[in-house]
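Engineer: Residue-level listing of the chains:
2 protein chains.
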Amino acid sequence: MFRAGGQMLLAGTMPTGASEAFMPSQRPHVVILGGGFGGLETAKTLSRAEVDVTIIDRQNYHCFQPLLYQVATASLSPAEVAWPIRHILRLQKNATVFMTEVTAVDVAGKTIKTKSDSFPFDFLVIATGATNSYFGHDGWAAFAPGLKRIEDATRVRRNILSAFEEAELADDDNRRRQLLTFVIVGGGPTGVEMAGAIAEVARQTLKRDFRRIDPRSSRIVLIEAGPRLLPGFSAKHSAYAQRTLTAMGVEVMTATPVTQCDAGGVALEAGRIDAGSVVWAAGVMASPAAVWLAAEHDRAGRVVVRSDLSLPGHDTIFVIGDTAAVNDAGGRPVPGLAAAAKQMGQYVGRLIIARSAGRTLPPFRYRNQGALATIGRRAAIVEVGPIQLKGFIGWLFWSVVHIFFLIGLRNRLAVAITWLWSYITFQRGARLITEVPPPRI
Amino acid sequence: MFRAGGQMLLAGTMPTGASEAFMPSQRPHVVILGGGFGGLETAKTLSRAEVDVTIIDRQNYHCFQPLLYQVATASLSPAEVAWPIRHILRLQKNATVFMTEVTAVDVAGKTIKTKSDSFPFDFLVIATGATNSYFGHDGWAAFAPGLKRIEDATRVRRNILSAFEEAELADDDNRRRQLLTFVIVGGGPTGVEMAGAIAEVARQTLKRDFRRIDPRSSRIVLIEAGPRLLPGFSAKHSAYAQRTLTAMGVEVMTATPVTQCDAGGVALEAGRIDAGSVVWAAGVMASPAAVWLAAEHDRAGRVVVRSDLSLPGHDTIFVIGDTAAVNDAGGRPVPGLAAAAKQMGQYVGRLIIARSAGRTLPPFRYRNQGALATIGRRAAIVEVGPIQLKGFIGWLFWSVVHIFFLIGLRNRLAVAITWLWSYITFQRGARLITEVPPPRI
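From first to last, the protein sequence lines are chains Y and W. Here the numbering used here is used: the first residue of the first sequence is 180, the next is one more, and so on. Here the numbering used here is used: the first residue of the second sequence is 180, the next is one more, and so on.
These are calculated hints, taken from the structure and not from any lab test. Just to be clear, a hint being listed does not mean it is correct.
A pair holds if it fits inside one copy or across any two, identical chains being indistinguishable in the list.
Here are the simulated DSS-like pairs of lysine-lysine, each with C-alpha atoms no more than 27 Å apart in a straight line [stated by the list, open to error]:
(1) 327 - 294
(2) 386 - 272
(3) 223 - 327
(4) 386 - 294
(5) 223 - 386
(6) 294 - 223
(7) 272 - 294
With the sequences and hints as input, model every part of the structure.
Structural biologist: Next comes the structure, spelled out in structure tokens:
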């Protein structure tokens, strides 16, 4: 089974206890936890280095999270925003990919423990990302799924589509009104994008599909605890986003904290909103790297790292992306964006190459590449250095940037065609309710 | 919520107990159970008739089952072979679609009971299809999923892709060999298609993606209890299929009944095959319509119907498609094909129109439109009347026919592009392991 030479590569990445047929190489072994933007960029930066790279992820795919909301609103299929990690790295001969789940990090013994096996490392890069945070109310997760994983997105899609199906069957006016009420908690880019997309589903995509309900009568409520939408953007663009959403029929509530999520909707300080579907876009929390490392972390669970992204006291352990607490040159926290994770991944890859050669690099420095947010199929907001766009021109810019970022030519082409088609027809091709829907109460 | 006029149609299809705002019409009410090939064709045939049509399905989509094997082998996404039933019928004003599950049929009271509500009918068309049959060994379903539903296909996809992932992690040679053994039970078109597609995944798609295993060394075994593959085709074409599969590296075993399926593989009379994935393509069983109707049925659970497809003693209840036991003019059973279900759906639709006008029609007569089966990306078998094709020409014919049959222009275009892309590159775009894989023993 294990043939040397030819296509097969005997990487020095074998688990402990592996067969004697494996000859460990003398090259440094870099273990990367997580195949997201940060982990993949680290691996790619090391592609020509004299190291052996092992990427461990509990899933077999890299997910393009910025487009998950389009899976959740039935525009794209999961396979259009996700690609097998091992396929992305298939031509990188020094990289080995394992699908398994990390259970512990033995810092002193320089070993990763997983559900399957243990992996010794010379360098470790932790890039395990973030999950949804319910600010201490973990029970809300059952009623208000977030949008961090493919399974989250298909669950939200099922909730939204099932609500219309159940409303068509409902006999009771109040029940019907509840089912046709959609609440999005959190007014950042994901919340704004979800609210706009759900409004389009209800007002356009489904308008001819029902006989007993009018999907256009749906109530879509976007709730933000802070004073304005899109706090990462300028106040001018926040106001534009709010105007645009309101014109699309979305109720925007700012300065409105949610005090409870349950099976029937959400509670606010001023009362309740009965809703059939609640989507959580309000906060994220780092993956448990700080627990694995017993390391200092901030309130969101992000590991406090040094200016070279290494763990204090451990020159060969790095934490990057959404899992790391890093500040920019101005002392502000680096935002949890794909671009930031990629910059960190590239930096750490270069640093490992330098260190292996006895050199070093200046500290990591975040370059702000700007921010984008889309509001339905007609408008987006772009703040990229001197480029300040809104409206349809912003939307075109947003589309081109996202298609450009998508990994893999096939998906770029397929997504472009899918978008063009749904732009022309208002239709959405992925309106499937798969798996058994959970019972509603 | 319920507005009269305009886009909204007040169908005479309201559940019992519905609001007084609904005015039932005096037109006959046709309830169709199932949105598969038969049910959809019935609905479409009634599109201009003076009847109200209600389609009830427990899923929100129509699934193009002949291509499910391509979902199971990661070529197509679920949304490329399935479409919302209500979207297909959105412009048919006399049709209302409900997503709910039938629990009973009250034949005397002419009412359908569902999990949500009850629906009275004047005419009933049962087109609920078939499920996998394990010939009395229902426990085998846990180890050998079939290919009847989207969820089956994504489960098979997860099993196959996870087997390669686990083999890459495995330390033990025997375990690795087991994981890289794929068994397909049943040598009909689905079994032949699955075996060919898995062989391509192992030999082509994945050949560069692993470091510790060589996917090309996978063992793929197609097991048929009868004397030859594809019993529905000519002996010449059976032999061609077997030769082609063998050349692709598939072990074909005919006259070999499977005596047991378990977590470790399958047992045969002559011994065991340890396998990581088993796919069931050996038999189907009708949905429980015969139980609902307390009707006479054959061994596969199909309801015995009269020559006009009605239930004996009930002129207004029809059973069609895979749920009905019907013979052709030569006394042979009509096969469980999409074309047969469509013919029956069209016949029953026309018959309902005739009956409503006080006329009738001659008995249903099945027109054999031939059969197709594909064996990987280079060969297919076509037996359509005088057209007898095999090899690449057969494959082209098969592709054109399938794209032509796909409902909805978008999917036709998207599937064509996806196929063309994967034909050129050998790549498969939907290689996602979603949902948590069940533990292997």
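Engineer: At most 27 Å between CA atoms: does that hold for residue 294 and residue 223 within a copy, between copies, both, or neither?
Structural biologist: within (26 Å within a copy, 53 Å between copies)
Engineer: State whether the alpha carbon distance between residue 223 and residue 327 is at most 27 Å within one copy, between copies, both, or neither.
Structural biologist: within (23 Å within a copy, 41 Å between copies)
Engineer: Tell me, please, which holds for residue 223 and residue 386 at an alpha-carbon limit of 27 Å: within, between, both or neither?
Structural biologist: Cα proximity of residue 223 and residue 386: across copies only (20 Å, versus 46 Å in one copy).
Engineer: Go through the copies and call it for residue 272 and residue 294: within, between, both or neither, with a Cα cutoff of 27 Å.
Structural biologist: within (25 Å within a copy, 55 Å between copies)
Engineer: Tell me, please, which holds for residue 386 and residue 272 at an alpha-carbon limit of 27 Å: within, between, both or neither?
Structural biologist: Answer is between: at 13 Å across copies they meet the 27 Å cutoff, but 51 Å inside does not.
Engineer: With identical chains, the pair residue 327 and residue 294 could be close in the same copy or across copies; at 27 Å between alpha carbons, which is it: within, between, both, or neither?
Structural biologist: So residue 327 and residue 294 pass the 27 Å test inside one copy only (23 Å; across, 33 Å).
Engineer: Check residue 386 against residue 294 for me: Cα-Cα at most 27 Å, and say if that holds within a copy, between copies, both or neither.
Structural biologist: Between copies only: 26 Å across chains, 48 Å inside a chain, cut-off 27 Å.
Comparing the model with each numbered hint stated earlier shows that all of them hold.
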